[in-house]
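**Q** We have chain G already, so just place chains W and Y on it with the hints.
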Amino acid sequence: MATRRISDEQLIELIEAAIFVADKPLSKKRLKETVLQDISVSNARIDQALDSISEHYQTRGIRLVEVATGFRFQACSSLSPWLSNLWQEKAPKYSRATLETLALIAYRQPITRGEIEQVRGVTVSSNIIKSLQEREWIKVVGYKEVPGKPALYATTKQFLDYFSLSGLNMLPKLPEQHSVKIDQMLNDPSVREPS
Amino acid sequence: MATRRISDEQLIELIEAAIFVADKPLSKKRLKETVLQDISVSNARIDQALDSISEHYQTRGIRLVEVATGFRFQACSSLSPWLSNLWQEKAPKYSRATLETLALIAYRQPITRGEIEQVRGVTVSSNIIKSLQEREWIKVVGYKEVPGKPALYATTKQFLDYFSLSGLNMLPKLPEQHSVKIDQMLNDPSVREPS
Amino acid sequence: MNDVPQQQKLPLAFLNGEAVVDKPEDLYIPPDALEVILETFEGPLDLLLYLIKRHKLDILQLPILSITEQYVAYVELMKDLQLELAGEYLVMAALLAQIKSRMLLPVHEELEEEEDPRAELVRRLQEYEQFKQAAENLDVIPRVGRDIFTAHALVDESAEPETLFPDIALKELLLALGDVMARAKTFEHHHISAEALSTRERMSHILQHLSEHNGPCVFNAFFTIDEGRSGVVVTFIAMLELIKEQLITCLQVEPDSQIYLSLQLQE
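Those protein sequences? They're chains G, W and Y, same order as listed.
If you read the first sequence in the working numbering, its first letter stands for residue 1, the second for the next number, and so on.
If you read the second sequence in the working numbering, its first letter stands for residue 196, the second for the next number, and so on.
If you read the third sequence in the working numbering, its first letter stands for residue 391, the second for the next number, and so on.
In case anyone wonders, no lab produced these hints; they're calculated from the structure.
Please note that the accuracy of each hint is not assured.
So the derived label-pair ranges between C-beta atoms look like this [as the list claims (entries may be wrong)]:
| # | chain 1 | residue 1 | chain 2 | residue 2 | range |
| --- | --- | --- | --- | --- | --- |
| 1 | Y | Asn604 | W | Asn238 | 42 to 48 Å |
| 2 | W | Lys223 | G | Val65 | 25 to 31 Å |
| 3 | Y | Glu505 | W | Asp246 | 55 to 61 Å |
DMTMM-like cross-link-like pairs, simulated, lysine to aspartate or glutamate; straight-line CA separation at most 25 Å [claimed, not checked]:
| # | chain 1 | residue 1 | chain 2 | residue 2 |
| --- | --- | --- | --- | --- |
| 4 | Y | Lys561 | G | Asp183 |
| 5 | Y | Lys634 | G | Glu136 |
| 6 | W | Lys325 | Y | Asp436 |
| 7 | G | Lys139 | Y | Glu602 |
No residue lacks a Cβ here, since even glycine has one placed at the ideal position from N, Cα and C.
With the rest of the complex left out, here is chain G:
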């Protein structure tokens, strides 16, 4: 135990590599119990080595940081916007409600949320509208001149691009009775924008 001696350079190499390969932050205590268990080295030398490593990385893309449970290397926060692209998170599949909302906006634009609700017979949640806007498939193109001035939604060029359509007229034809029915529903005087 604690019998081998190593040079400062070797100590730096070893501590640096240990922090890099450890699967969680490495404390000085754990460093001494594991990697340095057979090596005779004072706390002061360990601190010196850590200082030297920390200083060395000041000009690199990563930094040595001390967190509650020990030391770890971390990418500079200024690089985060680029590094984010390394990970992709799968958004959940679209619900039936989302697809129906999108279909109504595509075939009956410009259309208000109230009108979509009128045809669907149920409330359209804000999340549905938001997720379609985030995808840049729909956008607000105006406000309807009725009480509450509801937003009018329409599909975007990105929406057409996604489905490789040159224009909305390239959308699959809606069965005639469907179009008629939608128009009837929306023109019915009993239909009111929800306030």
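**A** The following block gives chains W and Y in isolation, referenced to the frame of chain G:
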């Protein structure tokens, strides 16, 4: 797309950090598709940056290495004996059955399970195949045109990464078979045992 | 059977902490030890290779008579001990017996083309030995987690993963609309003809154009000659529809002057 320009120093920082934070080896292709997607940079500059990073780490505890699927940092192999103390559990040992199956797939790919069994003289358990697939060391690359259409297995790039091999040609040479001698033996009546 | 120690005395198994290096000559092996030993064999070819090596013999000189005897003795023992014996061991025993009987037949000089009965087995043993060695070689290559340790750094919390949006097919959109319509009530008492989809699209374009311009736009600017007559009609119907829906207004300062369109302003 590809509009921002960055300095050589920034490029080095970004690539270095990206390789460090990626959860698997990072290829130049993936680097360009993710981290560098909005940055205008030539292949030559990327190569230069990688060279510069590689050189920088020559004197540190870790090295930049290129494996089958891309670049990764790994601790200097001379430090491994000390670093292995960081884990209480020893790295998993693989059974002879697993290693023999893997060796047959590595050297004889693409190969069916029946062909593996032929050489080994015993049934290959489904668990072995399954666990090798789960580790992403082997994969089905096709089906053999014989009755039953058995799956053909081959090793993956992840398998090469795991063994730090840049290609299958870096595998140790197969031990020689003395096929010539068989025929000699066969024609030599003196080899026959006295009964 | 000779009792010369093997060159490579690798333990066959560990029993109560002691390495079992060689099987005792008389084949007496404590039952649980045999079980452990047999588990170290990867099948009949492996057991045969072991027996051949034990005699310090070359595979090419496969001494079929003594090997068969020993092999059968092991297999019998396994059966006596009621170990679960892989079927392959019995198949091999039968093969060895067959080769043995063929070997005992006198050699017919005229049938010199006849293959040595051991040939196929020798080939298989050689091939198996080759891959047994390859597996051992594979086991000593430095590998990640045992000899190679990869270096990683974390990202700052500010790095959020990029979102991958779900894919949908165009027909799903049509199906979804079909579903809505199937649920919707009918209003039989009205009859209004359907507008062509292109009108709805044009309505969106006009609204978009006006909201981007932030002020009135000249009426003529909405028509493109390239679109021809039908394009002009579509645009005009779209304007009328928007005016009817009170989404836009139409202005003309004096007769015969330019007509302007603007978004209906909030009062």
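**Q** Now, for every hint given, state plainly whether the structure supports it.
**A** Structure-based check of all given hints:
In this structure the supplied range 42 to 48 Å holds for Asn604 of chain Y paired with Asn238 of chain W, their Cβ-Cβ distance being about 45 Å. Between Lys223 of chain W and Val65 of chain G the C-beta distance comes to about 29 Å, which sits within the given range of 25 to 31 Å. Judged by the Cβ atoms, the range 55 to 61 Å given for Glu505 of chain Y and Asp246 of chain W holds: they are separated by roughly 59 Å. With a CA separation close to 22 Å, the supplied pair Lys561 of chain Y and Asp183 of chain G stays within the 25 Å bound.
The suggested pairing of Lys634 of chain Y with Glu136 of chain G is violated, with an alpha-carbon distance near 28 Å, which exceeds 25 Å. Straight-line distance between C-alpha atoms of Lys325 of chain W and Asp436 of chain Y comes to about 23 Å, which keeps the hinted pair within the 25 Å bound. At most 25 Å may separate the alpha-carbon atoms for a hinted pair to count; Lys139 of chain G and Glu602 of chain Y meet this at roughly 13 Å.
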